Structures are given as structure tokens and as C-alpha cells.
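There are 2 protein chains.
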Amino acid sequence: MAKVLKINHIAIAVPEINEALVFWQDALGLKLSHTEDVPSQKSKVGFVPISDSEVELVQPTTSDSGLAKYIEKRGPGLHHICLEVDNIEEMIAQLLEKGIHMIDETPNTLEGRKMAFIHPKSTGSVLVELYQLI
Amino acid sequence: MAKVLKINHIAIAVPEINEALVFWQDALGLKLSHTEDVPSQKSKVGFVPISDSEVELVQPTTSDSGLAKYIEKRGPGLHHICLEVDNIEEMIAQLLEKGIHMIDETPNTLEGRKMAFIHPKSTGSVLVELYQLI
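From first to last, the protein sequence lines stand for chains G and P.
Mapping of the first sequence onto the working numbering: residues 1 to 134, in sequence order.
Mapping of the second sequence onto the working numbering: residues 1 to 134, in sequence order.
Think of the hints as simulated: they come from the structure by calculation, not from any bench.
The structure presented is a predicted model; accordingly, all values stated were derived computationally and were not measured.
Hints are not guaranteed to be accurate.
Intra- or inter-copy, both count: the list cannot distinguish identical chains.
Listed next, the in silico PhoX-like pairs over lysine-lysine satisfying Cα-Cα at most 25 Å (straight line) [to be verified]:
1) Lys6 - Lys98
2) Lys114 - Lys42
3) Lys6 - Lys69
4) Lys31 - Lys3
5) Lys121 - Lys31
6) Lys73 - Lys31
7) Lys42 - Lys3
8) Lys73 - Lys6
9) Lys31 - Lys69
10) Lys31 - Lys98
11) Lys114 - Lys73
12) Lys69 - Lys42
13) Lys114 - Lys44
Generate coordinates for the entire structure from the input sequences, incorporating the hints supplied.
In C-alpha cells:
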């Protein structure tokens, strides 16, 4: 049986990473480690490590992205929780067997990691990402 | 300067803890460690440890509680993120000095811990709890 290892990150939808850093970096004293462009998601991500987990500040880069629409509808704020697992394919199979709806039944691979989103209708309206380091 | 030590927990607003466990426990394979009644918040909390952090499933126990109203307005889902700090009074002083608005300028003490909430208007609409083990 596949296992959840840890909370890999909490993603926060922000209109602008630099503005968000006024709180996360200047006030709380945390540090932005780096930013990353994710053209496939039309977004830019600012990584703020906290112990062995992370806060990810996710900024839309176009006004037609899913994230921009999310912010327009729901406002900025907590967006999703990402759980690191030991075997993502096994975990997806296990969830499907339990009747859980996946957004991604096959993981997407980006350098060094595989990812898949679970549909919020199966999680009590929480967007949950599964994540495996490879 | 006070320091953030880790993500202590992610709180999820749920109409009913047992229903939420169908996903978190039965499907993902995590375990509910215990539940706790919090009469002062008119809520009940189910604790689901993940590595050295936790998911807290927070259920309103009355229909007039803040949490019940939150669920009625926004729906269930991600509710707040809790950051464990080494010195909560120092952290609050540091945040106030930076112009951050606190919901609680003085921490509330419950057995074994002190807690204070930061106002979402200073955090980009994220409800952030500070937490210190004592």
C-alpha cells in the first residue's frame, strides 16, 4: 500500500509574489529560496521553505489562466495542499479503487518529480496534489 | 528575532469529521490520532498526523459558530495554516512593529500551547495561526 510521507507544500494563490513577500519574508522572517516559471500552468511560483516543508506563492502570469480565474472568483488565499507519497502510481490506483475522483489519473512528470491532482469533489472541497520525488 | 520553526498544522473546515475521514483515512491511509472538543470555539477537531505536521479536521458543533458561518458562506475546505514559532510574544511584537494586524495581540493559552491568529487582511487573505508549545 502506498504511503503519504509528509506535507510537501501549501500553495497560496497570490496576485503578485513580491507583494506577498512583505508578509512572508519581511514580517515573518522567512526566506524566498527561488522563483520558478511554470509556463504550462501560466504561473510563476515563489518557494518559501519552512523546516522540511514549504509555502509556495503561486502567481498567475496571464489573465486567462485557471489560477487567475480562481483568484477572480474566490479571491487570493490558500489554494492547495501537496502530499508527498512514496509511490504515486500505486497511490492513484489505491484512490481510484476507493472511488476517489482524480483530476490526473496519470501523473505529470516535471524534472525530478511526478505530480497528480485529486478532484476536490472527493476531498471535501480541498484541492490536494500528490507528489513523488524521482 | 523570533523564528518560525515549522508548519504545525493545516486546518480544514469540514461539516462532519467522520465523513471527512472517508478520504483522509480510508482512501489515503492516514490515521486519525484523536479528536478534541473545543467548546470555546464551538468546534470539534480531528487530528491526522502526517510526518511531524498534522491535518486538523475542524467541525462546527453549533450552527451559530464562526466556523459554521464560514462553511455556510465559503463552503468547506482549507481554513487556516498554523506556524509553530519559538517565541510567540516576540513574534507578535515583531509583526505589530511591521504594521501587521493581529486578531489576537495577546496569545490565548490552552494546555501545553499558546496561540494567536494574524488578521487575513495583512497576509493576502490567508488565515494564519501562530503557535508555541509551552
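Checked hints:
Taking the shortest Cα distances, Lys6 and Lys98 sit within 25 Å of each other inside one copy (21 Å), while across copies they are farther apart (32 Å). Proximity of Lys114 and Lys42 under a CA criterion of 25 Å is satisfied intra-copy only: 19 Å inside one chain copy versus 40 Å between copies. For the identical chains of this complex, Lys6 and Lys69 are neighbours neither inside a copy (29 Å) nor across copies (31 Å), given an alpha-carbon limit of 25 Å. In this assembly of identical chains, Lys31 and Lys3 lie within 25 Å of each other by CA distance solely across copies; the values are 11 Å between and 30 Å within a copy.
When the C-alpha separation of Lys121 and Lys31 is checked against a cutoff of 25 Å, the pair qualifies only between copies, where the shortest distance is 21 Å, while the shortest distance within a copy is 34 Å. For a Cα distance limit of 25 Å, the shortest separation of Lys73 from Lys31 qualifies neither inside one copy, at 29 Å, nor across copies, at 34 Å. When the C-alpha separation of Lys42 and Lys3 is checked against a cutoff of 25 Å, the pair qualifies neither within a copy, at 31 Å, nor between copies, at 33 Å. For a Cα distance limit of 25 Å, the shortest separation of Lys73 from Lys6 qualifies neither inside one copy, at 30 Å, nor across copies, at 31 Å.
For a Cα distance limit of 25 Å, the shortest separation of Lys31 from Lys69 qualifies neither inside one copy, at 28 Å, nor across copies, at 35 Å. When the C-alpha separation of Lys31 and Lys98 is checked against a cutoff of 25 Å, the pair qualifies only between copies, where the shortest distance is 16 Å, while the shortest distance within a copy is 40 Å. Taking the shortest Cα distances, Lys114 and Lys73 never come within 25 Å of each other, neither inside one copy (29 Å) nor across copies (35 Å). In this assembly of identical chains, Lys69 and Lys42 lie within 25 Å of each other by CA distance solely inside one copy; the values are 12 Å within and 34 Å between copies.
Taking the shortest alpha-carbon separations for Lys114 and Lys44, only the intra-copy value of 18 Å comes in at or below 25 Å, while the best inter-copy value is 35 Å.
Comparing the model with each earlier hint shows violations of hints 3, 6, 7, 8, 9, 11; every other hint is respected.
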